[in-house]
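Participant: We have chain A; now place chain B onto it with these hints.
There are 2 protein chains.
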Amino acid sequence: MCPVVGVIGGGQLARMMVPPALELGVEIRVLAEVEGASAALAATAIGDYTDAATVLAFARDVDVVTFDHEHVPQSVLGALVDAGHAVHPGPDALSVAQDKIVMRERLTAMGAPVPDWSVVHDAEGLAAFLDDHGGRAVVKTPRGGYDGKGVRVVSGSRDADDWLAAAGERGLLVEELVDFRRELAQLVARRPSGEVRAWPLVETVQRDGVCAEVFAPAPSAGSLPAEAGALAQRIATQLGVTGVLAVELFEATDGRLLVNELAMRPHNTGHWTIDGSITSQFEQHLRAVLDLPLGDPSPTAPWAIMVNILGGPTGATMPDRYPMALASHPGVKFHSYGKQSRPGRKVGHVTATGTDLDDTRAMARGAAQFFEP
Amino acid sequence: MCPVVGVIGGGQLARMMVPPALELGVEIRVLAEVEGASAALAATAIGDYTDAATVLAFARDVDVVTFDHEHVPQSVLGALVDAGHAVHPGPDALSVAQDKIVMRERLTAMGAPVPDWSVVHDAEGLAAFLDDHGGRAVVKTPRGGYDGKGVRVVSGSRDADDWLAAAGERGLLVEELVDFRRELAQLVARRPSGEVRAWPLVETVQRDGVCAEVFAPAPSAGSLPAEAGALAQRIATQLGVTGVLAVELFEATDGRLLVNELAMRPHNTGHWTIDGSITSQFEQHLRAVLDLPLGDPSPTAPWAIMVNILGGPTGATMPDRYPMALASHPGVKFHSYGKQSRPGRKVGHVTATGTDLDDTRAMARGAAQFFEP
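Chains A and B, in that order, are what the protein sequence lines are. Position 137 of the first sequence, counting from 1, maps to 136 under numbering that gives the first Met the number 0, and the rest follow consecutively. Position 228 of the second sequence, counting from 1, maps to 227 under numbering that gives the first Met the number 0, and the rest follow consecutively.
Hints are all accurate, no fakes.
Residues of chain B clear of chain A, computed beta-carbon distances all greater than 12 Å:
1. Ala-111
2. Asp-161
3. Asp-355
A few chain A residues facing chain B, derived, Cβ under 10 Å:
4. Pro-2
5. Leu-21
6. Leu-40
7. Ile-273
8. Arg-286
9. Leu-293
10. Ala-300
11. Thr-316
12. Met-317
13. His-328
14. Lys-332
15. Phe-333
Chain A stretches covered by chain B per the calculated footprint, using a threshold of three residues with CB under 8 Å from any CB of chain B:
16. 318-326
17. 334-348
FYI, nobody ran anything at the bench for these hints, they're computed from the structure. Ideal placement from N, C-alpha and C gives every residue a C-beta, glycine not left out.
The following block holds chain A by itself, in its conformation from the complex:
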């Protein structure tokens, strides 16, 4: 029998699950938000993922439900579970990824290293936190943020008045502004029966809150990979995550390894695995949510460098520039998400692999330059 995976959400993460589904002979069906979504090829339904009836109808003929994003409401997730559907990751785990306050509470409860944090409800609370943390802090809305949205650096107690007014009783998360050497990401996959596999720790470079580049493995990381791998495995297991878990980390200047964010799905910092690992994060996610044995996540080359491609004002697509880009970089892998180009929107990525870090980085950046807005 051919297992059927249903993916809620039709973005590029769902799109990138399609190749390994075809390879493994797993059927994949997507509930997309709109016609012409990035994952349109596999879309069998178009509808609103916040509507329980829509999602239940989509789930009727699939063996497992999984996600392109973390925004499906708990009420809808609960309806799926109540109707007897396998849902991976499950509602409990997803609740931690959906709410940054819950995330901080749970991570703190399990003793995972996180930045100092608090929940504030008014300017006085924020003022107190600022006083205790050198006059600067990061304020985050508990829900709905991504790619830097819903995150603000503040230095005055009135700098978050608008968000505080909108936040209501729930309040806002406020965190110490971590002075970090660099950002890292540790991805693991876990299947319901408990097996966990970890990819190498990677270094990520963010620009304007958006992932710009990923270096796999993280250069000169010393004992950090062992520490991060054990930490991510513990988080995945204790939160009961199924599928891919991305743990975004700070390497602080004072030496601390701190958890910044969690994502419970394939993640931008794992796109390099398509071309640089024996088992990509997308194949591993499919295996994990189907509770199949996980694949070997070992890298296939000493270095893999991924550079994101963002849309620009001209609306040019990546394929428009393929004649020049492919000719000058025959060894680079080009990924275009089939999305309309808009300024700042992630429309694709390139990955280079090689044996020398500097050469590989130059190759990836050189290829990406052809697509600069």
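Facilitator: Quick look at chain B alone, frame taken from chain A:
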């Protein structure tokens, strides 16, 4: 703009073009023979590829027409070209792959090394050829053969009477029975503007006329790779092949390198490239037929071994056996074509990569054993 490739035929070769199409952001549409074909996910039409009106309607909105097989009639190919469609490979090149007598004529005319051959119309002609070649020969129907079908070893002049009666004026191809050390395959890709790229020469093992295993690169090949690469490049260029060209070769015991067959499409002997080469044959075929710059065909590991999976009498599919197979071989890549299992039918393949030939072969064969009929 997103280029659109139209593929005639919905088999596993069309299916395996879908992942690189998604990655590159190239739209792929398939004209499948039936519902539920291997490439059903990308099928936008179901119809008869021998019907010009069906094929012309399919081709209307694509930028280039290419193929899952070589069986589209010349009349239909001609109609496509007359209507102004880009067709790759083109009708002239395909005519050579469609007819084994034409193939022998053209290869002989260009001085490519081939087994001794002749065209026979009757038992007397066959008797004369047998007399000249030690009493044994291979008889082939000019058209329609694949996977050992349409090929017969004969040792008596009446052994092909049935085929001769059916062959009519065209006659049959008769060839020397080559005493070979092993079979090899050289794949290249060529784009219309002339660029050619070659993968490493591989060794292929056939069982009952069907490809069973492929070793990439061909072990202990001495100067053969250079010879085969130059030969395939010459054939591709002189025949004007566009897309992937597979040159199946004999390494004869007397040292000759002889062309056995040609295929003008991705080929079973190139499936290892999906997991073992920077640019797979399927991605390269898409690039080539779109006249985009070709990718680097270098291998990503010292050895890649592919083992075909054939269907058995139980009708079990590969995914039925994934729980055991994936657990015991986490580093092997599993490919299932989503086809109904029938005895002897190609339903999938596995590929292992590694640094030691024996270990890699053992790994691929061990993984394949889980799917033995």
